[in-house]
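One line per chain: the protein sequences are A and B, in this order. Everything in the first sequence is counted per the numbering used here, starting at 1 for the first residue and increasing by one. Everything in the second sequence is counted per the numbering used here, starting at 1 for the first residue and increasing by one.
Keep in mind the hints are simulated off the structure, nothing from the lab. Among these hints, one or two may not hold up.
[Claimed, not checked] Not everything, but these chain A residues come out facing chain B in the computed CB check (under 10 Å):
{"no.": "1", "residue": "G19"}
{"no.": "2", "residue": "G121"}
{"no.": "3", "residue": "L161"}
Think of the CB as a built atom: it goes at the ideal place given N, C-alpha and C, for glycine as much as any other residue.
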Amino acid sequence: MIHLQLPLQKDAIAGLRAGDEVLLTGTLYTARDAAHKRMIACLMEGKPLPFDLAGQLIYYVGPAPASPGHAVGPAGPTTSYRMDAYTPALLEQGLLGMMGKGTRGPEVIAAMRRHGAVYFGAVGGAAALISRRIVKSEVVAYGDLGTEAVHRFTVKDFPALVLIDSLGGNLYEIGPRMYRRDPADGGEE
Amino acid sequence: MREIKAQTIENTVYDLILEASYCIGADVEQAVRGARETEPAPAGRAVLGQLLENYAIAREERIAICQDTGMCVIFLDVGQEVHIIGDLGEALRRATARAYTAGYLRKSMVRDPLYDRANTGDNTPPIVHTRIVPGEKIDILVTPKGIGSENMSRVKMLVPADGEAGVVDFVVDCVRRAGPNPCPPVIVGVGVGGDFETAALMAKRMTARGLDEGNPDPRYAALEQKILARVNDLGIGPAGIGGRCTALAVHIMAAPTHIGGLPVAVNLCCHAARHARAAL
Numbered sequence: 001m002i003h004l005q006l007p008l009q010k011d012a013i014a015g016l017r018a019g020d021e022v023l024l025t026g027t028l029y030t031a032r033d034a035a036h037k038r039m040i041a042c043l044m045e046g047k048p049l050p051f052d053l054a055g056q057l058i059y060y061v062g063p064a065p066a067s068p069g070h071a072v073g074p075a076g077p078t079t080s081y082r083m084d085a086y087t088p089a090l091l092e093q094g095l096l097g098m099m100g101k102g103t104r105g106p107e108v109i110a111a112m113r114r115h116g117a118v119y120f121g122a123v124g125g126a127a128a129l130i131s132r133r134i135v136k137s138e139v140v141a142y143g144d145l146g147t148e149a150v151h152r153f154t155v156k157d158f159p160a161l162v163l164i165d166s167l168g169g170n171l172y173e174i175g176p177r178m179y180r181r182d183p184a185d186g187g188e189e
Numbered sequence: 001m002r003e004i005k006a007q008t009i010e011n012t013v014y015d016l017i018l019e020a021s022y023c024i025g026a027d028v029e030q031a032v033r034g035a036r037e038t039e040p041a042p043a044g045r046a047v048l049g050q051l052l053e054n055y056a057i058a059r060e061e062r063i064a065i066c067q068d069t070g071m072c073v074i075f076l077d078v079g080q081e082v083h084i085i086g087d088l089g090e091a092l093r094r095a096t097a098r099a100y101t102a103g104y105l106r107k108s109m110v111r112d113p114l115y116d117r118a119n120t121g122d123n124t125p126p127i128v129h130t131r132i133v134p135g136e137k138i139d140i141l142v143t144p145k146g147i148g149s150e151n152m153s154r155v156k157m158l159v160p161a162d163g164e165a166g167v168v169d170f171v172v173d174c175v176r177r178a179g180p181n182p183c184p185p186v187i188v189g190v191g192v193g194g195d196f197e198t199a200a201l202m203a204k205r206m207t208a209r210g211l212d213e214g215n216p217d218p219r220y221a222a223l224e225q226k227i228l229a230r231v232n233d234l235g236i237g238p239a240g241i242g243g244r245c246t247a248l249a250v251h252i253m254a255a256p257t258h259i260g261g262l263p264v265a266v267n268l269c270c271h272a273a274r275h276a277r278a279a280l
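In isolation and in its complexed conformation, chain B is listed as follows (with noise of 0.2 Å):
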């Protein structure tokens, strides 16, 4: 047994916020700078380049590199052999009130979605989805999400006669759908098999994957070269005022799933595609 303070958690959920909302992940920077030189619409390009030189304001400046500092979206991985002294979900409430506040990040939760849209004034509370894990350590994933991605993002129940095509076809249209108000280039984060509630959390996990990790079963990797392909087919581009880059790319994840069923939910991501991990 580890012993673990939920001050330290919240210590490090803090930093965490405030590092993903300044500084874009090299990753991400990375693929937007490759996008700007292969990019053939002038226009797409110029867009693409003002992303790069806001990325560089953001961090030099520890300004937030979006507005939308998003709901704070938080993943714990927790070993099983760790036993946490202190509130833990206070402590992550505590993290995310105080980087917003002390962060000039943007609160943006209201309190009820429909009878109390008043804003809580510090962001809280934050998601979080907790996993129990082999281990004796701490894997922490902030996730700050805007709502423009967000909210063009979707869950379809198909079923097994749909097979890869229909995947493929949801997928695609998801996006042809949100045009550019997911703020494209987008991530494309896609999650096949599970329950209803499984498939959405695997794809917002996606997004979150860095854009230089493959994936390791090189049917689901061949899966999104090809979905990949189509989604830049669809002209969109960059701000979604034409372009051949629409997606920097797209990660699945798949998980077991009933004989009847095959569901599929798909959580686009902004360019602004903000993560930051620590291990404790």
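Extracted from the complex, chain A is given alone in its bound form (with noise of 0.2 Å):
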């Protein structure tokens, strides 16, 4: 298990690889469809983002109105690759993480390769387990978009598992590979 301070570290990022354990610890961005079209919008006409990009991660989430008593509601991951079209642009801004689930893109493969950047993966829909180790939410952009609100969350301990590294090492080839029977020889590949 590897102990991961946020805002990241490139030198921190670049030792990680695929299918390592990570808890995270400190603050990160919120951002899913809506933010992530405003936030390229904004870069097109050329106005600064409403946060700093640099060293930061993005968790792909939308959350669930929080009950009395939570700081947020249930928040597991959405799906990554909506956000592929928007995503190289914002690691050119020095977004050097993302964290949700399932496949990325080849480009954004490349640009990650290129910017030293991770993909984190939260495990899809256990929502209330991992809002456990959220232990703050403010809202600090786009507000007017409800969850889909850039929130900036501080989590203390947050499970999360390296699912493509900086070098492009992909989490998603290697474990179903090592599980694969292929029906046209029988046979484990």
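Bring the two chains, given one by one in their own frames, into a single complex with the hints.
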């Protein structure tokens, strides 16, 4: 288990490899479909983003509302590929990590390698469990988007897996390869 | 003729939305528990353990199992001897708005898919499928459906020459292409036959069939097992990080179709397979 402090340091993530288990502590930003669209529109117009992306981690999540006594509602990851079209431009701005679930396209992976960035996974659907590791939530931009607003989460020992590392190593390729049985030859690959 | 007030339906649907969102069905929990026993991948077993822990927290604290509390899909089988007093559509809309607001569930509906993606603010409108059936009661199934697995669903118009092999290949390919995205282990709902939209609707219905219910037709029961084995041979595993349990079950519903047709629909459902039922 690797303990990582947020915001991220480039040298700390350079050593991470696909499949590593990490515990994240510090602050991160949330953004999903609509917030990404606005951030990219902002960059296209040459305006500054509502928060500095340098060294940051974006968590793809739209949390459920917090019930009384909770800092945040259930907040598991959403599917990341929907953000693929926007991600390379944000990596250009200094973003160092993303967290979500599911595959990323080749252009995102190439941009990650170029910028030494990492893609973490949290367990999709384990939202109630995950939300216990989020100790604080504040809306920092696009409040009108509701669940899709950019939140700053303070997390403590938030469990994540390295899905794609800064060299392009990909757990979604490595893991399934070990358990695949090809019916064409009836045996293990 | 039996009279049922729309208000009664509203209150029932309200309760079902909350129950489905907080409390995973015993059948699903049992299947995940069983998968944890047999999953050879250590990381996959750990994921399944987290899912079981998550189900327990959600049930005990009465919070959502998954933050994507879905589009609110409601199936109604209305007995033809029933007369509903009041506005049924409005009752379902109000049940949805009230449950998603009071129950701290996420509101995920936008007004227009292209030109006005503004959140409707109360997760309305629900998606409602109504059938008129014999009898004098109303069967209600509420099945909130997240978009992660919904987005990985597909329909294909096969031709009769494609036969069983074509169906198997299409379903397996659908799960393969979905990979980790729909939150495996998934329930694979399949509709075969009918027309374009019937196939899709049958597939959606099949995601909510009890995991303890078999297929009454032995031919389709065998086909379900055949496809399940192929799907689990993909190695995708829990959370898609490798393992032998990619799907908990494959459920198939078939319907008569055209002499020239073989439509197939696949609706994937994540491991947060939420459904709740009531009869009025």
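Exercise. Any CB of chain B closer than 10 Å to the CB of G19 (chain A)?
Worked result: 8 Å, holds
Exercise. Given L161 (chain A) was flagged as interface, is its beta-carbon under 10 Å from a beta-carbon of chain B?
Worked result: Result: holds, 7 Å to nearest chain B Cβ.
Exercise. Does the CB of G121 (chain A) sit less than 10 Å away from some CB of chain B?
Worked result: G121 (chain A) check passes; min Cβ-Cβ to chain B is 7 Å, inside 10 Å.
In summary, the structure agrees with every hint in the numbered list given earlier.
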